[in-house]
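Chemist: From first to last, the protein sequence lines are chains A and V. At position 88 of the first sequence the residue is numbered 87 (numbering that gives the first Met the number 0), and the sequence of numbers has no breaks. At position 7 of the second sequence the residue is numbered 6 (numbering that gives the first Met the number 0), and the sequence of numbers has no breaks.
No wet-lab data here; the hints were simulated from the structure. We put the beta carbon where it would ideally sit given N, CA and C, even for glycine. Heads up, a few of these hints could be off.
[To be verified] Far from chain V by the CB rule (all over 10 Å, computed), these chain A residues:
hint : residue
1    : D7
2    : G35
3    : D65
4    : R91
5    : V93
6    : K98
7    : C138
[Stated by the list, open to error] Calculated pairs, DSSO-like style, for lysine-lysine (alpha carbon to alpha carbon, straight line, at most 27 Å):
hint : chain 1 : residue 1 : chain 2 : residue 2
8    : A       : K136      : V       : K116
9    : V       : K3        : V       : K21
10   : V       : K116      : A       : K140
There are 2 protein chains.
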Amino acid sequence: MTQKAFQDYYAEDFSHCYGCGKLNEHGHQIKSFWDGDESVAKFLPSDHHTAIPGFVYGGLIASLIDCHGTGTAAAATYRGQNREMDTEPILRFVTASLKIDFLAPTPIGVELEIRGKVLEITSRKVIVEALVIAGSKVCAKGNIVAVPMPATMMKS
Amino acid sequence: MTQKAFQDYYAEDFSHCYGCGKLNEHGHQIKSFWDGDESVAKFLPSDHHTAIPGFVYGGLIASLIDCHGTGTAAAATYRGQNREMDTEPILRFVTASLKIDFLAPTPIGVELEIRGKVLEITSRKVIVEALVIAGSKVCAKGNIVAVPMPATMMKS
Numbered sequence: 000m001t002q003k004a005f006q007d008y009y010a011e012d013f014s015h016c017y018g019c020g021k022l023n024e025h026g027h028q029i030k031s032f033w034d035g036d037e038s039v040a041k042f043l044p045s046d047h048h049t050a051i052p053g054f055v056y057g058g059l060i061a062s063l064i065d066c067h068g069t070g071t072a073a074a075a076t077y078r079g080q081n082r083e084m085d086t087e088p089i090l091r092f093v094t095a096s097l098k099i100d101f102l103a104p105t106p107i108g109v110e111l112e113i114r115g116k117v118l119e120i121t122s123r124k125v126i127v128e129a130l131v132i133a134g135s136k137v138c139a140k141g142n143i144v145a146v147p148m149p150a151t152m153m154k155s
Numbered sequence: 000m001t002q003k004a005f006q007d008y009y010a011e012d013f014s015h016c017y018g019c020g021k022l023n024e025h026g027h028q029i030k031s032f033w034d035g036d037e038s039v040a041k042f043l044p045s046d047h048h049t050a051i052p053g054f055v056y057g058g059l060i061a062s063l064i065d066c067h068g069t070g071t072a073a074a075a076t077y078r079g080q081n082r083e084m085d086t087e088p089i090l091r092f093v094t095a096s097l098k099i100d101f102l103a104p105t106p107i108g109v110e111l112e113i114r115g116k117v118l119e120i121t122s123r124k125v126i127v128e129a130l131v132i133a134g135s136k137v138c139a140k141g142n143i144v145a146v147p148m149p150a151t152m153m154k155s
């Protein structure tokens, strides 16, 4: 895959996120890509990311959905404006709300696929659905309402 | 406080959760207690739990709400049955769904309070509302639907 990940376009100031920042050495550093009209990220949880032995803990699943969702929101907005993600003005999104249905226990030791789909996109918000899939099984379904980052946060 | 934390009653097999397991040395090890009819946990995020510099990343907030919510669901069910949390039969809960509204950016470097309230309790599910508070500011509001852990997970 020669595509550059959404998160690798983020400016350095926005690359410290525990979930997806390429500069956060302690974090998950998830990478999201386009796959046609959908977005996809893959992640292999560590053994300590457990809920009870054998299964992934929900907080990690929430993190994956959250960061993949805001990344997808940004990428879709740039795409809608027919411009690359490293062009000005910079767009970054934060999560206004996050809803996750845990449909089945998520097995640990398996690479997870997080697959995003844009359900709605306006200048004020982007709604993304994200599935977390282990093998062929959908283990969790998320719905993220992402909004442009407030100016007060952009200035940090 | 001389109360024992909800999570410290969990049997060893259920004490490996990254969010709240006392045996997970990599995890958050959150501790939840009763405060009258509400439950409370406190947590100080690390510097690397950042979204963008200065603010806590959403996945951690989701984790805190999730583990505090399932812990509160278990504790409330034991309490409803007038028995201690270390008595048989063991009750453990998992999250069926989780909804979080991020109301304000959560500052990093501040001890967070997670405050839970049981909204509904039946034998099939417990609905818990959880607020994440920094200082006096409510930064996030969660709603967790917790259900008894499936027998297939209890056997692991």
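Chemist: Can you name, in rising order, the numbers of the hints this structure does not satisfy?
Modeler: When the structure is compared with the hints, numbers 3, 4, 5, 6, 8 turn out to be violated.
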